[in-house]
Amino acid sequence: MSDAPQTDAPQAIRAEHIIKTFGSVQALAGVSMQVRRGETLGILGDNGAGKSTLIKILTGYHQPTEGQLFVDGTPVRLGSVDEARSHGIECVYQDLALVNGLSIYHNMFLNRELLWGGPLRLLDHREMRRRAAAALAEIGVNIPSVELEVGALSGGQRQAIAVARAVYSNARILLLDEPLAAMGAREAGLIIDLIDRLKSRGDIAIVMIAHNYAQTLEICDRIMLMQHGEVTFESPAASTSAAELLDIVRREYRAARAG
Amino acid sequence: MPDRGSPATAGVRWLHGLLLRPEASVVVVSAALIVYFELVNVNFLTDANLETLSQFVAAPVIIACGEIMLLICREIDLSVGQTFALAPFVMGYAQAIGLPAVVAILLAVVVSGLIGLIIGMITIGLSVPSFITTLGMLFLINGATLTISRGFPANMPDGPILTGIMGAWSYAEIVWAVAIVAVMHIVLRHTRWGLHTIAIGGNLVAAAESGIAINRVKIGNFVLTSTLGGFAGLMEAFRVGSADPLAGGSNIMFLGVASGVIGGTAIAGGAGTIIGGLVGGILLGVLQDGFTLQGINAFTFNIIIGAAILIAMIANIHLARWRRGGP
Chain A
398 MSDAPQTDAP QAIRAEHIIK TFGSVQALAG VSMQVRRGET LGILGDNGAG KSTLIKILTG
458 YHQPTEGQLF VDGTPVRLGS VDEARSHGIE CVYQDLALVN GLSIYHNMFL NRELLWGGPL
518 RLLDHREMRR RAAAALAEIG VNIPSVELEV GALSGGQRQA IAVARAVYSN ARILLLDEPL
578 AAMGAREAGL IIDLIDRLKS RGDIAIVMIA HNYAQTLEIC DRIMLMQHGE VTFESPAAST
638 SAAELLDIVR REYRAARAG
Chain B
1042 MPDRGSPATA GVRWLHGLLL RPEASVVVVS AALIVYFELV NVNFLTDANL ETLSQFVAAP
1102 VIIACGEIML LICREIDLSV GQTFALAPFV MGYAQAIGLP AVVAILLAVV VSGLIGLIIG
1162 MITIGLSVPS FITTLGMLFL INGATLTISR GFPANMPDGP ILTGIMGAWS YAEIVWAVAI
1222 VAVMHIVLRH TRWGLHTIAI GGNLVAAAES GIAINRVKIG NFVLTSTLGG FAGLMEAFRV
1282 GSADPLAGGS NIMFLGVASG VIGGTAIAGG AGTIIGGLVG GILLGVLQDG FTLQGINAFT
1342 FNIIIGAAIL IAMIANIHLA RWRRGGP
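Residue numbers (the numbering used here), protein chains in the order written: chain A, 398 to 656; chain B, 1042 to 1368.
Since the hints were derived computationally from the structure, they do not count as laboratory data.
Predicted model, so just to flag it, every value in this text is computed and none were measured.
Backbone N, C-alpha and C define an ideal beta-carbon position, used for all residues, glycine too.
Check the hints yourself; a few may be wrong.
Partial chain B-side listing against chain A, Cβ under 7 Å, derived [unchecked claim]:
1. A1240
2. G1243
3. A1247
4. E1250
5. G1252
6. G1311
7. A1312
Excised from the complex, chain B in its bound form (with noise of 0.2 Å):
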């Protein structure tokens, strides 16, 4: 072949290599909503919307990078939403007995963590599903969270500076987003732990016969979505202001498994990608945000959003069949 080298056949070659990655499909789903959006409507991209955007994404999109983790090695945390809603009660509770934010922000992150201990020990130890441990942390830690706040909302603290970088600043979520998203990616892709998360959920035994620590990876993979899930929820009360008892809840907890389903986790676990997690919060969020502009009504939007989810997943399968070149 003559013209191997040519800048055009290494361009194609390239584009060729981008279109057999996982996430390619989302990506190029949500290219063209955003053109989509940007043609019926001229306020898609304007800098207000942009950070409104930015802010939906965000949440969703941490708290997919934990359940990634645990759908690729065949668990699932259905409480992380209800952990969101906690984190920041646990910090005001802590202000409010007299430790300084930075320590109280702290100990809120570590309650999280705990929350995800708990779950692991109770799935790895008691042999029981994740699926039903974490529904049951769902109540449990929803009826904790209306306990201590005895279902008020209640004041974040002040302070420009540590109020701005926890989430008050615009676009404060986002970059936590994408430098987790960062760490995440270089944790599943680069490191023994996510290799080993891998190999747990792409095959048990063999992960068993290898002497893989296969407790010790799941347990810490629930601690890392619970104390994500914290994260995001103390990311959200900053950016709002006060802490509300009912943030949160399944509804981010789905829009983050939907994140990381859409971008190409296998919900039986053994494969997925965090870039993936990424681009599909972030094609929910162009979703949610598009129609909103538009104005279509609630109720349409969930039609429309169940939709999404449905054809995204049907497109994944299929184009996944192709990838490797079966029927």
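One chain only, chain A, in its complex shape (with noise of 0.2 Å):
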């Protein structure tokens, strides 16, 4: 897989002149963005760029005030996380949404558990210990038992478990906050290989979130940097190096100051 942006790949997702207020705050001052297909992008910026804010509305959370949202290149209104759900829309949030004292797979089966036919709905443990089994094994993620309570595993497998989940669940857009904050350098290993991993497939749009410069490079085909709700540079990362985002963030801190 070479790290070049697939420029003919179907577009997955669009936003459009995003402008959010909340009250007198501006959040986002209009930002256009786009992914496609196979694609990742990384969203770079300080605390109150924007950045949450724009994830926010693309899984449905928050509504824009302006603009407008494309997916698929059908414009789109996503009233609500479910809505955002039925269009192939999922997000892992940094706190992974996990419950610790239950299994990997009630975890991942959280709120669309697999029921056995009749009238007692009863619960499929079986099927949904297979399935989730199955589901990590495709993705590559090793893990002992998925009986295991979540509580148990590390900070890389429990990302990796929330990110299992949500390709699990026929993502077709894969939003992910943070997914490498607070990890060492072998749990960020971890969710680096996946995330390579579900771009191999080529199938699923990936935007993701983050601090460090340098693995997101590494990780992502196009760059976009934020500042005060606005998207200031965008590049391929191919065409960029740690170097030069942190001169561009620089700069902007200088001329933010001197203004």
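Each chain sits in its own coordinate frame; assemble them with the hints.
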């Protein structure tokens, strides 16, 4: 799999001139972005740059004050998280939304549990175990048993379970909120490998919020810098460098201070 | 390992697996107590005493089934003992206006459930902690019962079959209790409702992000607890043959909560088992009954029961850590 963005691949999600205000605060001041199938977009920026607001608009958690979203080229209104899900948009939040006291397979099927047929609507534990194990194996996550409690797993494994859950639920547009935050090199490696394998499937568009320039450049096909609710820089990952990105951010910072 | 399949190692593994279960320590303690009481008192394992024991255990265990569900999703019902006392009077009132006994019983159960619905609506809808909501309801329901009854006990209806089923037959209560335990165990372990109850108590944010109907589950568990409390109160009244405005109360509520907690339900939510509640209820019953047979007076008994709860809790917390492989 090359790092070059697939410019001929069909467009998965597009946002046009998104403005979002909370009362008198403008969180997004006209952001446009798009991701193609099989492409990975990394969004970098300081706290308060609007990254999280943008992600929450893409997941249907917030609705834009102005602007238009398109999924597969069709204009959509994402009024709720469920509506976004029905378009194949899944988000792995920073808190991962895992329940420590429950097993891996229960977490993977949380609120989408499989049931035995019949009027009693009992849980089909066996089928959930089987499918959870298969789903993890398919994306190459090695975990001894899906019956382990999630609380017993490492940070990287937990992240992997959360990503696997999103992928398993037929995500075609996967949003990752700081997937590498607070993770050691080995743990981060696990997730980077996982994202690489998802990319190589070629059908999933990934949008990832991150802080670490070097890691983001390594993982993503394209980079977007955000500041004060605007996109200030955009480039294929292959034609920029951590040094250049850092330089841009530093210049923005100085300009903001001078202004 | 050549002897992997031999019966001896299989037995050891089975025993090991059993000991890893949260209820195991309580089962061991209960069994040890039963042996002890049988050794020091020849009357312990007799038909008459087992009957007494089963009657003492039944109501707290039924209440525990509800409280465990509430504790797991980080709520509690302090007023279930008052609903317990109210239900027989609702039934009596319904009979007095001419409704048949079966309808009167159903009406009492429904009214109990409505109390749970009110508790749930106030707790969820008005964001009042359930500890406070049910503290208020405790006095409110108690006052209602005293008003309806004017403070006097009332007779229960006659009719051998109905009263027998409802609690007058010696073992009716424990049969109901075991049946309710079986159903609630399946609800907790094998339905979405149970799984969502655990998820809500384990990680509220995760439950919300997964789209679980948090309010519906919580309110449902309040309704469930009150319904079970009212039903247990009816049973008790049928057994005794009269409705007592001072029956149940905080005592039976605490016995129910203690049964659950001794049986391994986490007071902080997210974990618990119904079977543990049954075993915890049996442990409390064995303690009370055994020491009563030994002639220990009521004052000393409370010291013993308090110490038992503390020891069981300390043991549970540390055994749980040991099971997780931590320090």
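Here is how each hint holds up against the structure:
no.: 1; hint: A1240; result: holds (5 Å)
no.: 2; hint: G1243; result: holds (4 Å)
no.: 3; hint: A1247; result: holds (4 Å)
no.: 4; hint: E1250; result: holds (4 Å)
no.: 5; hint: G1252; result: holds (5 Å)
no.: 6; hint: G1311; result: holds (5 Å)
no.: 7; hint: A1312; result: holds (5 Å)
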